[in-house]
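Residues 1 to 318 in the UniProt record's numbering are what the sequence shown spells out, letter by letter.
If you are wondering where the hints come from, they were derived from the structure by calculation, not from laboratory data.
All residues carry an ideal CB built from backbone N, CA and C; glycine is no exception.
Treat the hints loosely; a few may be bogus.
What follows is a set of in silico ranges between Cβ atoms, one per label pair, in the way DEER data are often shown [to be verified]:
{"hint": "1", "residue 1": "Leu66", "residue 2": "Glu278", "range": "57 to 63 Å"}
{"hint": "2", "residue 1": "Ile105", "residue 2": "Thr179", "range": "36 to 42 Å"}
{"hint": "3", "residue 1": "Gln261", "residue 2": "Leu287", "range": "36 to 42 Å"}
{"hint": "4", "residue 1": "Thr179", "residue 2": "Arg52", "range": "54 to 60 Å"}
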Amino acid sequence: GGPVTGGHLGDPSSAPSTPAYRLRDCGGIHQISGTITRGTEVLATLSGHWDRDVFIQEAGSGGTELFWSPLGEFRERRLKLRTVPLEEQTELESERLWQHVTRAIREGDQHRATQEKSALEEVQRQRSRERQQSLTAWLPQLFQQDPVTQEWRYRHEDRRPWDPAKDIAQYEQDGILHTLQRETLARETPFLGSPGRRHQRPGPERRLRKASDQPSGHSQVTESSGSTPESCPELSDEDEDGDLAPGSKSPCPGCRRAVQQLQALHEAVLSIRGAQQELHRHLLATLSSTARPRPSHRSWLLLCVFLVCQLLVNYVLK
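Please put together the full structure from these sequences, using the hints given.
Right, dumping it as structure tokens:
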């Protein structure tokens with residue numbers, strides 16, 4: 001949740017809008033609110049639910065009007081929520097990192113949940129102190145701060161229009177959105193299926209909590225990636241550059257399966273195309289053979305007469 005700045009409603013040349021997405025509120029989930037501005041002047045305000053009705057109120061008017069209402073058939077087409085299995089998540093993924101806290105809450109053990117949470121936050125504070133002492137800058141992996149507006153923006157945003165002739169699908173890998181294209185599929189398929197070489201960070205930065213680890217009473221823990229921005233120093237630009245060798249970056253397991261399926265479909269299409277070409281050549285050969293002139297009945301008769309004469313000559317010469 002939070003504000004998203006710099007967007008436009010429909011036409012990019014129109015007035016910019018600033019919607020704010022609220023994950024959960026007293027009014028329920030999927031709430032949004034925002035403003036439409038021209039310079040510093042507020043033209044209208046928006047409120048409602050992005051998956052239901054959105055209302056607009058123009059500046060100076062006392063009432064609201066319906067601005068957006070998706071049809072039922074479009075609501076049914078919403079993407080189903082899919083959760084990445086714990087064994088496929090990175091070690092600092094929130095669900096994996098907080099799994100022991102979540103389990104304690106579900107079991108109703110508030111005391112153990114508090115202990116697990118305190119252990120995570122203590123390691124987080126310790127990491128922060130170590131960075132301050134070593135004068136290590138915290139560099140986010142997925143976001144960068146605008147030096148003018150001081151707002152955080154997604155580092156890997158792609159504003160290129162979708163090209164149906166080249167683009168096949170979009171997939172997310174390590175928080176980065178990638179576009180699978182036809183030429184890159186043919187070029188990169190041989191190594192997309194194999195995982196890349198991971199760079200192991202030495203020292204205390206490798207004190208990460210694995211999914212199979214025991215709770216805080218039995219093992220070390222690490223800081224949360226969902227508390228404060230300071231909680232993810234491991235997910236930095238340095239890791240992003242040194243994690244994999246250039247050109248050998250491998251998608252997540254789900255992405256690899258999708259790429260393999262696309263590759264199988266591509267190979268099937270090529271196989272079918274080759275079979276069609278072979279059938280076409282065979283058909284042309286058959287047609288050319290049937291189009292050759294066949295001997296007529298007269299030709300057969302002359303041939304028979306010639307053979308009889310040849311036999312008579314041979315008999316006489318004997």
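For each hint, the structure was consulted:
1. Leu66 / Glu278: 57 to 63 Å: holds (60 Å)
2. Ile105 / Thr179: 36 to 42 Å: holds (39 Å)
3. Gln261 / Leu287: 36 to 42 Å: holds (39 Å)
4. Thr179 / Arg52: 54 to 60 Å: violated (30 Å)
When the structure is compared with the earlier hints, a violation turns up for hint 4 alone.
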